[in-house]
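**Student:** For reference, the chains in residue letters:
There are 2 protein chains.
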Amino acid sequence: MGTATMNEQIGFIGLGSLGAPLAQNLLASGRPLTLWNRTASKAEPLVQQGARLARRPSEAITGGGVVFTILWDDSSLEEIVRSEGFLDALGTGGVHVSMTTVMPETARQLAALHQAHGSSYVEAPIFGIPQQAVARQLMICLGGPGPAKERVRPLLEAMGGQRIFDFGEAIGAATATKLVGNFMIISAFAAMQESFEVLKASGIDPKPTLDILTTTLLATPGNQRYAGYLLSGMNPIGMSNIPFKDTGLFTRFADSAHTPVPLAKQLREILTAAKRA
Amino acid sequence: MGTATMNEQIGFIGLGSLGAPLAQNLLASGRPLTLWNRTASKAEPLVQQGARLARRPSEAITGGGVVFTILWDDSSLEEIVRSEGFLDALGTGGVHVSMTTVMPETARQLAALHQAHGSSYVEAPIFGIPQQAVARQLMICLGGPGPAKERVRPLLEAMGGQRIFDFGEAIGAATATKLVGNFMIISAFAAMQESFEVLKASGIDPKPTLDILTTTLLATPGNQRYAGYLLSGMNPIGMSNIPFKDTGLFTRFADSAHTPVPLAKQLREILTAAKRA
Numbered sequence: 023m024g025t026a027t028m029n030e031q032i033g034f035i036g037l038g039s040l041g042a043p044l045a046q047n048l049l050a051s052g053r054p055l056t057l058w059n060r061t062a063s064k065a066e067p068l069v070q071q072g073a074r075l076a077r078r079p080s081e082a083i084t085g086g087g088v089v090f091t092i093l094w095d096d097s098s099l100e101e102i103v104r105s106e107g108f109l110d111a112l113g114t115g116g117v118h119v120s121m122t123t124v125m126p127e128t129a130r131q132l133a134a135l136h137q138a139h140g141s142s143y144v145e146a147p148i149f150g151i152p153q154q155a156v157a158r159q160l161m162i163c164l165g166g167p168g169p170a171k172e173r174v175r176p177l178l179e180a181m182g183g184q185r186i187f188d189f190g191e192a193i194g195a196a197t198a199t200k201l202v203g204n205f206m207i208i209s210a211f212a213a214m215q216e217s218f219e220v221l222k223a224s225g226i227d228p229k230p231t232l233d234i235l236t237t238t239l240l241a242t243p244g245n246q247r248y249a250g251y252l253l254s255g256m257n258p259i260g261m262s263n264i265p266f267k268d269t270g271l272f273t274r275f276a277d278s279a280h281t282p283v284p285l286a287k288q289l290r291e292i293l294t295a296a297k298r299a
Numbered sequence: 023m024g025t026a027t028m029n030e031q032i033g034f035i036g037l038g039s040l041g042a043p044l045a046q047n048l049l050a051s052g053r054p055l056t057l058w059n060r061t062a063s064k065a066e067p068l069v070q071q072g073a074r075l076a077r078r079p080s081e082a083i084t085g086g087g088v089v090f091t092i093l094w095d096d097s098s099l100e101e102i103v104r105s106e107g108f109l110d111a112l113g114t115g116g117v118h119v120s121m122t123t124v125m126p127e128t129a130r131q132l133a134a135l136h137q138a139h140g141s142s143y144v145e146a147p148i149f150g151i152p153q154q155a156v157a158r159q160l161m162i163c164l165g166g167p168g169p170a171k172e173r174v175r176p177l178l179e180a181m182g183g184q185r186i187f188d189f190g191e192a193i194g195a196a197t198a199t200k201l202v203g204n205f206m207i208i209s210a211f212a213a214m215q216e217s218f219e220v221l222k223a224s225g226i227d228p229k230p231t232l233d234i235l236t237t238t239l240l241a242t243p244g245n246q247r248y249a250g251y252l253l254s255g256m257n258p259i260g261m262s263n264i265p266f267k268d269t270g271l272f273t274r275f276a277d278s279a280h281t282p283v284p285l286a287k288q289l290r291e292i293l294t295a296a297k298r299a
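For the record, the sequence lines run as chains A and B.
So the first sequence is residues 23 to 299, counted in the working numbering.
So the second sequence is residues 23 to 299, counted in the working numbering.
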């Protein structure tokens, strides 16, 4: 399978808020890039820096090459993979690095589909927000065939992957880690938000409490960012669709394993109400 | 009011799992201690090291002196404070350092009661487990009259208070911080436990996932300890009454502020079920 060479054309599909800075980093590292995005205009800044724009997903792919996808959800990922010519274009020895947050079962099914076509599916879900992509401080969980992972690792580093954790050959654990991690991060946000509201309603200034807790016992980067949002009057849980979507993935994952997750289900209810508000 | 001198007799009431190592640290620092505990036998190891044992709470107190209490809940604290002779024994200039996790409203009422008797109530709830008390790595939130806090600060340090945060003169914020902090810590545990169960039921080894998350995005001392418990087959949420009690205090606090806390209420349900199991 060999290692990636600097002049190998790389496919990149999905220029959303996280995909765009990843593609930008890859391009800045000198890799020739062919892009595809549903809304083609989002590719313009990158095309001006030398990236090529494909007319359809399969045209972003070089036979036996590497293609990255970073999309909204399971169905948008499936749609791309099952789109005309995608798996044929990837061909024998090709590697699809899938960075979308999806169900572990979706990842397993797509991995089997790639294998049947002679290509490799590497799961590489990302923890990070766009600012962290720009700062090249992303955390990536990696699963899939060893040689394929070795081949794409330099590209993941070039993309901003500061910490890359290898979960082995079996598909599912890296993807499940992303679901579990997001659920734990989002539930911490929801608990902080309830705490913040209770303090405020009790006439207690929430700032000293949140400042102290998020620099001591609860000193995670996520909690610190979230406390900052709350203290400046924002409601980030309600602002973004991602907590709602990702908590839904975790509860579906739990359902598929016949495991009760009452806290996660309540969190999903809270996020549903926040979307309606 | 003056500062504490090394030979001033200190009262210490409550030799539970956290109280006992605190009293031990205080005694080891050379402070003369008079103890009271409902179960007197628990005082024996300390008495053998030179502490005095009082027959009733009020006898643990020196007029104008300092007394610490660390008890189970609001009602056990109220019972001690309202026990015969307690406030009279403390007298003018006395300082009661209250370390029990209670409702902010209870703290405010007790503070007013002390003030009416010429003494000071200092709220000093503790974050920490017994092992951290032994290692003198406790975090203490402090509220109350400035001179009283200055007087007792060296004693809190001698007791194992590694980080002491002053929330000002008004009673309530330090106590509320303890409730909010415990709720956030316990909800993180519950989210981790649901994640752990889903991974296991899905045939995914939870160890790499928890190891990675609790050393990166969720790297708090509590999460690390809790992951260790889960991975060695324990269920610490069900093992102790403290998460159940403290989450109940947070939901009562929220009710008193007329603030909906659906995540906390669900957590309380989970802990109720865990107690029954």
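Some hints here could point you the wrong way.
For identical chains, the list gives no copy identity; a pair is met inside one copy or between any two copies.
[As the list claims (entries may be wrong)] 27 Å max Cα-Cα, derived DSS-like pairs, lysine-lysine:
id : residue 1 : residue 2
1  : Lys229    : Lys297
2  : Lys287    : Lys64
3  : Lys64     : Lys229
4  : Lys222    : Lys64
5  : Lys287    : Lys297
6  : Lys229    : Lys267
7  : Lys287    : Lys229
8  : Lys64     : Lys267
9  : Lys267    : Lys297
10 : Lys267    : Lys287
Simulated from the structure, these hints should not be mistaken for lab results.
**Student:** Against this structure, judge whether each hint is valid.
**Tutor:** Consistency of the hints with the structure:
no.	hint	result
1	Lys229 <-> Lys297	within (26 Å within a copy, 34 Å between copies)
2	Lys287 <-> Lys64	neither (35 Å within a copy, 44 Å between copies)
3	Lys64 <-> Lys229	neither (39 Å within a copy, 40 Å between copies)
4	Lys222 <-> Lys64	neither (41 Å within a copy, 41 Å between copies)
5	Lys287 <-> Lys297	both (15 Å within a copy, 21 Å between copies)
6	Lys229 <-> Lys267	between (29 Å within a copy, 25 Å between copies)
7	Lys287 <-> Lys229	between (29 Å within a copy, 24 Å between copies)
8	Lys64 <-> Lys267	within (23 Å within a copy, 53 Å between copies)
9	Lys267 <-> Lys297	within (11 Å within a copy, 32 Å between copies)
10	Lys267 <-> Lys287	both (13 Å within a copy, 23 Å between copies)
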